[in-house]
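Enquirer: Taken in order, these protein sequences are the chains called A and B.
Start counting the first sequence at 0; every next residue gets the next number (numbering that gives the first Met the number 0).
Start counting the second sequence at 0; every next residue gets the next number (numbering that gives the first Met the number 0).
It should be emphasised that the hints constitute simulated quantities derived from the structure, not laboratory data.
Among the clues, some could well be false.
Not everything, but these chain A residues come out facing chain B in the computed CB check (under 10 Å) [claimed, not checked]:
id	residue
1	10
2	15
3	54
4	57
5	61
6	124
7	231
8	277
Covered stretches of chain A (chain B as the covering partner; in silico rule of three or more C-beta atoms under 8 Å from a C-beta of chain B) [to be verified]:
id	segment
9	64–73
10	78–89
11	127–134
12	167–174
13	215–223
All of these numbers come straight from a predicted model, not from anything done at the bench.
Every residue, glycine too, gets a C-beta built ideally from N, C-alpha and C.
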Amino acid sequence: MPDASARTGRRLWPLLALPGTVWLLVLFVAPLYVVLAVLFGGVDPILRQPVPVWNPVRWDFSQFRYVLEHIVGPDGFFGPALVRTTVYVVVASAVCLLVAYPVAYYTARFAGRYRGLLLTLLIAPFWISYMMRMLAWVNLLQNDGLVNRVISLGGLLPAAHVNWLNGQPVTVVLGLVYGYVPYMVLPLFAGLDRIPGAVQEAARDLGAGRFETFRRVTWPMSRQAVVVSLLVTTLPMLGDYYTNDMLSASPQTSMVGNLINNSVLTPGQTGQAGAFVMLVLLVSVLPMLLYVRASRTGVEVES
Amino acid sequence: MTAIPSAALVPAPRRRGLGAWARNPWRKPRILLGITLLYVGWSLLPVLIAVLFSFNDGKSRTVWQGFSTRWYYGDPLRSVWHDPTLHSAVVHTLWLGLLATVITIPLGVAMALGLDRWRGRIPAGANFFVLVSFVLPEILLAVALLFVATVLQTPLHLGTVGQVIGLVTYQLSYPVVIVRSRLLTIGKHYEEAAIDLGASPMGAVRRVLLKMLLPAIFASTVLVFADVIDDFVIVRYLSGGSSTEPVSVKIYNTARAAPTPALNALATVLLVSSLLVVLLGFVAYRRFTRGERRSIDVFAGET
């Protein structure tokens, strides 16, 4: 009897996992192959529609080569956007970490009885639509908006007006920070909350100063949380085009997400969109693989 | 160990003053408190200002002209209630939220159970895809599914069907991750005990595990719904025209084109429904966990 149920048990788990696994295979993994087929396929000369090629042997690399050739060199009109993406995302992630770490640290260690309230306030941006949060800044940064009125002291200094919303890299980076920093605060909080306060107090008791305690105890113990929080904010930033469209709407600040968004909607350029999708995919899956490998060996060491 | 320091180790300086405060090595880090308060204000004030201006009596979104509800109901043409495009955006958003959540949760919970207990290469691979879909830039999936819808003849059509399929694919990882982390703390012995006492494996899952997972399932339901109604990238690419454009897409399309406060009102309606769902979820969650003392969790020694 236990034998029979153990056997059905063995069959039960694959059966439960099957629908979700099949769903992901058919609608997540297979569509990525469709992107490859479009990227290495042709374009209908009259309708300008993509003609996918399914057989890898017959793949046509001309669209892919076109994109590669226009990244560097004299005709490299894709290059600046890729450089910009890297710079914006690195700067925005760094600022996110600088803002999120102290906030998460304070909430985890010193918030005391306000901890619940503070956590609620930190989670609140999650429940506010990203578009609404960007709309809020569009309102504030308009030429007659609150920000300009404050920095020009209510119209006394008309020269201090800034056209925030016309291709200012600062606006885009701050928009990215504003948009993604809540996603960083929470994993950091979870990681910092797991560090026992006694460890930090022991370090202080043994003569380490605040800075020394942070450098030699808190920071090393929170490193994994930092990596996770960087992953969950930096990778989604790579595909962002809407922050840019909402807060700048200028080609002078466009990022790789804008390249994808602009070409995917233009007849005859879908292959280019596919190339950039594959590029972003490669750039974001590699750190994931490294992380999964690192955390797996970490578990083995622990056990 | 936690309470001793300030009283016992420091020779309690009776005299007040900046010097004494600076010399006290156990003083609370006020700078961190300042950063935290600034952060909370910065992250929420812009949105509150946007909400405030949705009640503006005039057309401006930057100059206050008195309180009114005209952008919600009063204006016979351009208010959220009377403008059919805004009205239908709200309805469509909530409809998508409902459909996607109803499909995602059972699929994800079953997958979490299956992947957690099934050992081998297939579940490990499926697990990797879950993780990847968790942090991958949304635009990659959206473009891939857009290609599927445009170059292939499949049931995946642009419009509500495509949007729901895309949303389910993107959100599937949430219930899987949340439920699995809960399964990790529950362990295997309950279902083994149930099977020893004569339950079938399926019965053990249904009558023991699912009951214990209820809070996690509930939390992921709320999370998925709130996330779906805030979604932008997938629903935009897979929308089949203006009739299937949800609120986020409306905001994106009109934010930079001299909109009226009706757009703020539209965003506020969505914000309020999001917060309502979360609030209801939170109250219900408290009820679940309040009953936990009498429920099966008590035996696990968890409170």
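Enquirer: Give a verdict on every hint.
Expert: The hints, checked one at a time:
| no. | hint | result |
| --- | --- | --- |
| 1 | 10 | holds (9 Å) |
| 2 | 15 | holds (3 Å) |
| 3 | 54 | violated (15 Å) |
| 4 | 57 | violated (16 Å) |
| 5 | 61 | violated (18 Å) |
| 6 | 124 | holds (5 Å) |
| 7 | 231 | holds (6 Å) |
| 8 | 277 | holds (9 Å) |
| 9 | 64–73 | violated (count 0) |
| 10 | 78–89 | violated (count 0) |
| 11 | 127–134 | holds (count 8) |
| 12 | 167–174 | violated (count 0) |
| 13 | 215–223 | violated (count 0) |
Of the numbered hints given earlier, the model fails hints 3, 4, 5, 9, 10, 12, 13; all others are met.
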